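Fit chain G to the supplied structure of chain B, relying on the hints for placement.
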Amino acid sequence: MNDPAQMSANLVVAGVGGQGVVLAGNIISEVTLAYGLDVKKAEVHGMSQRGGSVSAQVRFGPEVHGVLVEKGRLDWIVAFEWAEALRWLPLLGSHGSVFASTEQVIPPVSLRDRVEGKVRYPLEFTQHPRIRAFDASGLARQAGNVKTAGVALLGALSSALPFSVEAWHQAIKEWVPAKAVEVNLRAFDLGRQWQSAPPPRPVPVSELVPRQVWLSLEESWCKGCGICVNVCPERIWRLNERNVVEVQEVERCTGCGLCEKLCPDLAIDVVVESASAAAWGGAKLWQPN
Amino acid sequence: MATATKTRALLLGNEAIALGALHAGIRVATGYPGTPSTETLEYLAKIAPPSVAVEWAINEKVALDEGVGAALVGARTLVTMKHVGLNVAMDAWMTSPLVGVNAGLVLLVADDPGMHSSQNEQDSRYLGRFAGVPIFEPTDSQECYSFVRAAFLASERWDSPVMVRTTTRISHSRSPVHTEEPDAPERRSFRRNPGKYVMLPANARSGRLRFLERLPQMAEWAENHPFNQEELRSTAVGVIAGGAAYQYVRDVMPEASVLKLGIAHPMPEAKIRAFAGKVDRLLVVEESEPYLEDQIRNLGIPVQGKAWFPRAGELSPQLVRQGLVRAGVLAPDGLEPSPEEWPETVARPPVLCAGCPHATPFLVLREIGAYVNGDIGCYTLGAAPPLLAMDTCLSMGSSVGLAVGMAKAGVRDQPIVAAIGDSTFLHGGIPGLIDAVWNDLDITVLILDNGTTAMTGGQPHPGTGHNLRAGDLPRLDIAQLCRTIGVRSVVVVDPYDVGATHRALLAATRYRGVSVAITNRPCVQAPVKLFGRSYAVNAERCDGCQLCMNLGCPALGWNLTHPDRRIARIDRDQCTGCTVCAQICPQSAIVPTAAD
Numbered sequence: 003m004n005d006p007a008q009m010s011a012n013l014v015v016a017g018v019g020g021q022g023v024v025l026a027g028n029i030i031s032e033v034t035l036a037y038g039l040d041v042k043k044a045e046v047h048g049m050s051q052r053g054g055s056v057s058a059q060v061r062f063g064p065e066v067h068g069v070l071v072e073k074g075r076l077d078w079i080v081a082f083e084w085a086e087a088l089r090w091l092p093l094l095g096s097h098g099s100v101f102a103s104t105e106q107v108i109p110p111v112s113l114r115d116r117v118e119g120k121v122r123y124p125l126e127f128t129q130h131p132r133i134r135a136f137d138a139s140g141l142a143r144q145a146g147n148v149k150t151a152g153v154a155l156l157g158a159l160s161s162a163l164p165f166s167v168e169a170w171h172q173a174i175k176e177w178v179p180a181k182a183v184e185v186n187l188r189a190f191d192l193g194r195q196w197q198s199a200p201p202p203r204p205v206p207v208s209e210l211v212p213r214q215v216w217l218s219l220e221e222s223w224c225k226g227c228g229i230c231v232n233v234c235p236e237r238i239w240r241l242n243e244r245n246v247v248e249v250q251e252v253e254r255c256t257g258c259g260l261c262e263k264l265c266p267d268l269a270i271d272v273v274v275e276s277a278s279a280a281a282w283g284g285a286k287l288w289q290p291n
Numbered sequence: 158m159a160t161a162t163k164t165r166a167l168l169l170g171n172e173a174i175a176l177g178a179l180h181a182g183i184r185v186a187t188g189y190p191g192t193p194s195t196e197t198l199e200y201l202a203k204i205a206p207p208s209v210a211v212e213w214a215i216n217e218k219v220a221l222d223e224g225v226g227a228a229l230v231g232a233r234t235l236v237t238m239k240h241v242g243l244n245v246a247m248d249a250w251m252t253s254p255l256v257g258v259n260a261g262l263v264l265l266v267a268d269d270p271g272m273h274s275s276q277n278e279q280d281s282r283y284l285g286r287f288a289g290v291p292i293f294e295p296t297d298s299q300e301c302y303s304f305v306r307a308a309f310l311a312s313e314r315w316d317s318p319v320m321v322r323t324t325t326r327i328s329h330s331r332s333p334v335h336t337e338e339p340d341a342p343e344r345r346s347f348r349r350n351p352g353k354y355v356m357l358p359a360n361a362r363s364g365r366l367r368f369l370e371r372l373p374q375m376a377e378w379a380e381n382h383p384f385n386q387e388e389l390r391s392t393a394v395g396v397i398a399g400g401a402a403y404q405y406v407r408d409v410m411p412e413a414s415v416l417k418l419g420i421a422h423p424m425p426e427a428k429i430r431a432f433a434g435k436v437d438r439l440l441v442v443e444e445s446e447p448y449l450e451d452q453i454r455n456l457g458i459p460v461q462g463k464a465w466f467p468r469a470g471e472l473s474p475q476l477v478r479q480g481l482v483r484a485g486v487l488a489p490d491g492l493e494p495s496p497e498e499w500p501e502t503v504a505r506p507p508v509l510c511a512g513c514p515h516a517t518p519f520l521v522l523r524e525i526g527a528y529v530n531g532d533i534g535c536y537t538l539g540a541a542p543p544l545l546a547m548d549t550c551l552s553m554g555s556s557v558g559l560a561v562g563m564a565k566a567g568v569r570d571q572p573i574v575a576a577i578g579d580s581t582f583l584h585g586g587i588p589g590l591i592d593a594v595w596n597d598l599d600i601t602v603l604i605l606d607n608g609t610t611a612m613t614g615g616q617p618h619p620g621t622g623h624n625l626r627a628g629d630l631p632r633l634d635i636a637q638l639c640r641t642i643g644v645r646s647v648v649v650v651d652p653y654d655v656g657a658t659h660r661a662l663l664a665a666t667r668y669r670g671v672s673v674a675i676t677n678r679p680c681v682q683a684p685v686k687l688f689g690r691s692y693a694v695n696a697e698r699c700d701g702c703q704l705c706m707n708l709g710c711p712a713l714g715w716n717l718t719h720p721d722r723r724i725a726r727i728d729r730d731q732c733t734g735c736t737v738c739a740q741i742c743p744q745s746a747i748v749p750t751a752a753d
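Just so you know, the sequences run in chain order B and G.
Numbering-wise (the working numbering), the first sequence opens with residue 3 and increments by one.
Numbering-wise (the working numbering), the second sequence opens with residue 158 and increments by one.
Chain B on its own, in the form it takes in the complex (with noise of 0.2 Å):
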């Protein structure tokens, strides 16, 4: 293996909001800093803090200059959340690696699509020699607290490190809560053993069957009192000049019904057929009578 004190590497330490990030990368520094090396650590604080993406770059070896990674030149990425791993999958190197959690945190941007119900996500596991996916929540659950799943991706990541457990245990110590550490350190270990990950499952998503919605309205009947206005979760319905209301983008329609079901002068119809998928046009029709 490398000398230790001699290596250098760049790493990305990626994952959502709230789950660990900075800290893992905190530990990754100190140990690299004790085996006398420099290492410069990027953070991402702020904005994306609120749920976004977040990541820390950490480059270390005898002499560093710049913080970020530059494209082709990442060694290793450790992701706390699948999408977060294939986000830096474009800088790794030719040589580089992965360890990524198939922890899966579907943010709500991919379920825009109410009308078809597709989810804008990578759902499927990515198969590849160089994608090390496995189960740290698992692992962390087993360790004692779920919380701990970044360690013991770090533990995953040890094994590939010339660096040794000492140094990474001392390095937890320094950098977690004192009342954590027990638990980070049975997570790291556990990650340390790791070896091959059992092939992962990814969730299960059903095929919707495609509808066709009917959507009417008795022109004659509608008072424009704007309760279809304000419940409708597309926000298709809008009082025009006349007072009465009218359809704007129907094709959002996904056909619930709550307008028909709230409308106090039965003036809107909704009818969703099932049609076979041939005669499914993907448009809603929508006439006033």
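Among the hints, a few may not be true.
Said to hold, decoys possible - A few chain B positions that, by computed beta-carbon distances, are all more than 12 Å from chain G:
(1) K225
(2) P266
(3) Q289
Stated by the list, open to error - In silico DSBU-like pairs for lysine-lysine, Cα to Cα no more than 30 Å straight-line:
(4) B/K175 to G/K686
(5) G/K463 to G/K435
(6) B/K263 to B/K225
(7) G/K203 to G/K686
(8) B/K149 to B/K181
(9) B/K120 to B/K263
(10) B/K73 to G/K463
(11) G/K203 to B/K181
(12) G/K203 to B/K149
(13) G/K463 to G/K428
(14) G/K686 to B/K181
(15) B/K175 to B/K149
(16) B/K149 to G/K686
(17) G/K203 to B/K175
Everything labelled a hint here was simulated from the structure, so no lab data went into it.
Quantities reported herein were computed from a predicted structural model and do not represent experimental measurements.
Note that CB positions come from ideal geometry on N, CA and C, so glycine has one too.
Just chain G now, kept in the frame of chain B:
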């Protein structure tokens, strides 16, 4: 194998600045929170002894005024803010070099190129040069520590405030720091000197002359300052750089000669001329504006910079390499990223937290239909889908002024609303509200009071009754303040009560005159994470209408296994039990989980 021994501390740039200031013997530190400057005061509050006053100020202008006051009575003082914060303090900033200092006064300004967490990416070096003060620009945590110490000495030497300018990558990067023996500066006391300290025109005129006499002497000092360092290597190309850009150049083109400018103002003219004469081709690599480049070109020295390196956004090693390659001074190194076709991932923009009390008022405002002027804080995320409830957002406190302007322009078709957080209101919203009352305009000011400065991580403000270190302080009553200003319609409402919030905002927007509605739930994140009993979706009752999804709550997602439709699902670990989704669910499908 080397033994594991620790000799250096691993500090964030901001922490190193705090430690440097402490070791320079500061007695006062103040500022206003703002990414990426915030951690400086927070760290100081942890490490400084009680004899050092470390507390937040109400805004950057007041912070700088406090800094000048403290320095005049002989206390070395650190003032911290982000780049746009200096705009707020500009009035004091521009005259402070004429008044001078008694003990050292250092201003940390942290710029945010790339706008990780800001509304613009202005380059503060211009504002340091504009005021005619020395600007120190560190390139890593070690320099943050030593430059800030040197900055205090420079401040006293030049009888002027000194700017330490960082960027996000310097402030929010961690690297090892060696510390040195702390200073014990002699105690100075205030000596009356109205001719210098009272900026009447007559005094300011002589102050201006003293200031102009000082500039060439300061330039002489910068010429010989060790922070401006010539690193002569290959003479084929010479690069002038400072800050993060210096480090990227060193990584990408280690063979290039570099003139590293640790002092961005005044510029060492002779040193630059000498350097230019030693190299065949002169380039400037700098982030943001062509600040150095324009000045060097004005000296009549042929130089290139922004022709190859972008002016917008943050620099990166890739961009520096691309620029050097395009400039023809560096060969492509062929170290391309691994050629695999990697799977696509998904964008993950920031969102309001699960249980955030700001969601309901925006949902309601969208229903009511209003011109909504937003402001700076977490709640600016109310502009993003699915809430989509914000029409404008300009700068700290601007929401109220924008609303006043819309009312003055005669907008009548929809109510005009200013939506502003508690800390932002106290920082810069109050004068706008006074203007609205004074002119008897028809606007509604929605104050989203979550009892903290949430966006920057939960700092206290005058409405919280405590400060960074001091507790049990007078607590400002925002509702009472609005009444005192003359607002006749002031209502305080619980944003977790959807019906009450709807009624309150409807009444407020229908009120003829200035109305204020205050939502009063604490932030779910700060100072401690709040959790109540979590809620769950009854799969039998949920018909997949997606109304709850319009809250944008990250705890709400889809049950992906339901065969027929995408019904809602609540992540029990994230749910705070705020009940808002349960209140708006038309099917009453969202119910509390059994108590654990």
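Which hint numbers doesn't this structure obey?
-> Violated hints: none; all satisfied.
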